[in-house]
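Sequential numbering of the sequence shown, starting at 666, is according to this note's numbering.
There could be a bad hint or two in this list.
Stated by the list, open to error - Straight line, CA to CA, 25 Å or less: simulated DSS-like cross-link-like pairs of lysine-lysine: (1) Lys783 / Lys746; (2) Lys694 / Lys735; (3) Lys835 / Lys871; (4) Lys835 / Lys746; (5) Lys746 / Lys723; (6) Lys835 / Lys801; (7) Lys783 / Lys723; (8) Lys835 / Lys783; (9) Lys694 / Lys801; (10) Lys735 / Lys707; (11) Lys707 / Lys723; (12) Lys735 / Lys746; (13) Lys801 / Lys707; (14) Lys801 / Lys723; (15) Lys707 / Lys694.
What the hints assert, rightly or not - Ranges between beta-carbon positions, derived for each pair: (16) Ala912 / Phe885: 36 to 44 Å; (17) Ser890 / Lys735: 27 to 35 Å; (18) Pro859 / Leu773: 20 to 28 Å; (19) Met767 / Asp672: 45 to 53 Å; (20) Trp875 / Arg845: 40 to 48 Å; (21) Phe885 / Arg842: 33 to 41 Å; (22) Lys801 / Ala877: 12 to 20 Å; (23) Leu773 / Trp875: 36 to 44 Å; (24) Arg896 / His814: 21 to 29 Å; (25) Leu869 / Gly696: 15 to 23 Å.
I should point out that these hints are in silico values taken from the structure, not numbers from a laboratory.
All residues carry an ideal CB built from backbone N, CA and C; glycine is no exception.
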Amino acid sequence: MNLSLADIVLVVTGSTQGVGRAVALEAAKNGAEAIVITGRDKARGAAVAAEVEALGAKAHFAAADLADPKASDIIADAALKTFGRIDALVNAAGATDRGSMMSATPELWDWIHAVNAKTPFFLMQRAIADMRARGKPGAIVNILSINVHGGATDLTVYSASKAALALVTKNAAHAHRFDRIRINGINMGWADTPAERVMHADTLGKGPEWLAEQAARQPFGRLLSPEDVARLTHFLLSPASEPMTGAVIDQEQWAVGPRDA
């Protein structure tokens, strides 16, 4: 099984922490030539870039807010200027702010869709354009959510944004199958990330112990880790997963669909 990522230039959004950081480090461990780190926090970006370089890969931090309409161009231009090409892309960034059918505002809808669907779409467009211009195959992985199957009622807007990107994943995979650009997605289940801890402990006011209590009630006694998601992402980026494209994989410890009598 060929899991090597040798010689690829990889862009990872949301890679200053959590799943994106884990993806970047996993890629560096497995031979990636260069990794473009993205996010809003320059200090954290520099720290992750240093971690990547310590593992033997080149690194560049591109500061960008995915809510900015120019973000996709800022990131793509940085990758092309610094490393000359984009061989692979992982859209790992995501906004999880709560918004139900009745509580959501137009401003929340626009912001979450900009971060979770619009900018990933146009970053895919830039990456695919570069791959096609060079006549080279490539790989894209979109980090989605188990909530695309319906979602919690306080995550209506978030679920809709991830469902939009799930559709784009399949549509683009079909459109670019003969370019040999493989595009797959991961419906990530509940994961223990820095952002999730802040959301529940502080934003939702549940306190610092609540997430650990919920983790203990899961089938495996824990939530998904960023490293769990990074390992599956690594597989989907690697030659080992060829020629699979257009797949959207549920990475979850609760089977979707069945229920107890």
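Status of each hint after checking the structure:
Among the hinted pairs, Lys783 with Lys746 is consistent with the structure: their alpha-carbon atoms are about 23 Å apart, no more than 25 Å. Note on Lys694 and Lys735: the hinted pairing is violated, with a Cα-Cα distance of about 31 Å set against a maximum of 25 Å. Proximity of Lys835 to Lys871 is assessed by CA-CA distance (about 37 Å); at most 25 Å being required, the pair is judged violated. Of the supplied pair hints, the one linking Lys835 and Lys746 is violated, its CA atoms being roughly 29 Å apart against a limit of 25 Å.
Between Lys746 and Lys723 the alpha-carbon distance is near 14 Å, which keeps this suggested pair within the 25 Å criterion. Distance check on the hinted pair: Lys835 and Lys801 sit about 20 Å apart at the alpha-carbon level, within 25 Å; holds. For the proposed pair Lys783 and Lys723, the alpha carbon gap of about 28 Å is over 25 Å, so the pair is violated. At most 25 Å may separate the alpha-carbon atoms for a hinted pair to count; Lys835 and Lys783 meet this at roughly 16 Å.
Distance restraint check for Lys694 and Lys801: the Cα-Cα separation of roughly 23 Å lies within the 25 Å cut-off, and the hinted pair is therefore satisfied. Of the pairs offered as hints, the one joining Lys735 and Lys707 holds, with about 18 Å between alpha carbons and a cut-off of 25 Å not exceeded. This hinted pair checks out: Lys707 and Lys723 have alpha carbons roughly 17 Å apart, not beyond 25 Å. For the proposed pair Lys735 and Lys746, the alpha carbon gap of about 16 Å is at most 25 Å, so the pair holds.
This hinted pair does not check out: Lys801 and Lys707 have alpha carbons roughly 32 Å apart, beyond 25 Å. For the suggested pair Lys801 and Lys723, the alpha carbons sit about 21 Å apart, so the restraint of at most 25 Å is met. Of the pairs offered as hints, the one joining Lys707 and Lys694 holds, with about 23 Å between alpha carbons and a cut-off of 25 Å not exceeded. At about 23 Å, the CB distance of Ala912 to Phe885 disagrees with the hint of 36 to 44 Å.
Hint check: Ser890 to Lys735, Cβ distance near 33 Å, so the stated range 27 to 35 Å holds. Take Pro859 and Leu773: their Cβ atoms lie about 22 Å apart, and the range 20 to 28 Å holds. At about 51 Å, the CB distance of Met767 to Asp672 agrees with the hint of 45 to 53 Å. In this structure, Trp875 and Arg845 meet the distance hint of 40 to 48 Å, their C-beta atoms being roughly 46 Å apart.
For the hinted restraint 33 to 41 Å between Phe885 and Arg842, the CB-CB distance of approximately 35 Å keeps it satisfied. Between Lys801 and Ala877 the Cβ separation comes to about 45 Å, which falls outside the hinted range of 12 to 20 Å. Distance hint check for Leu773 and Trp875: the Cβ-Cβ separation is about 23 Å, which falls outside the suggested range of 36 to 44 Å. At about 22 Å, the CB distance of Arg896 to His814 agrees with the hint of 21 to 29 Å.
A hinted range of 15 to 23 Å for the beta carbons of Leu869 and Gly696 is inconsistent with their spacing of about 40 Å.
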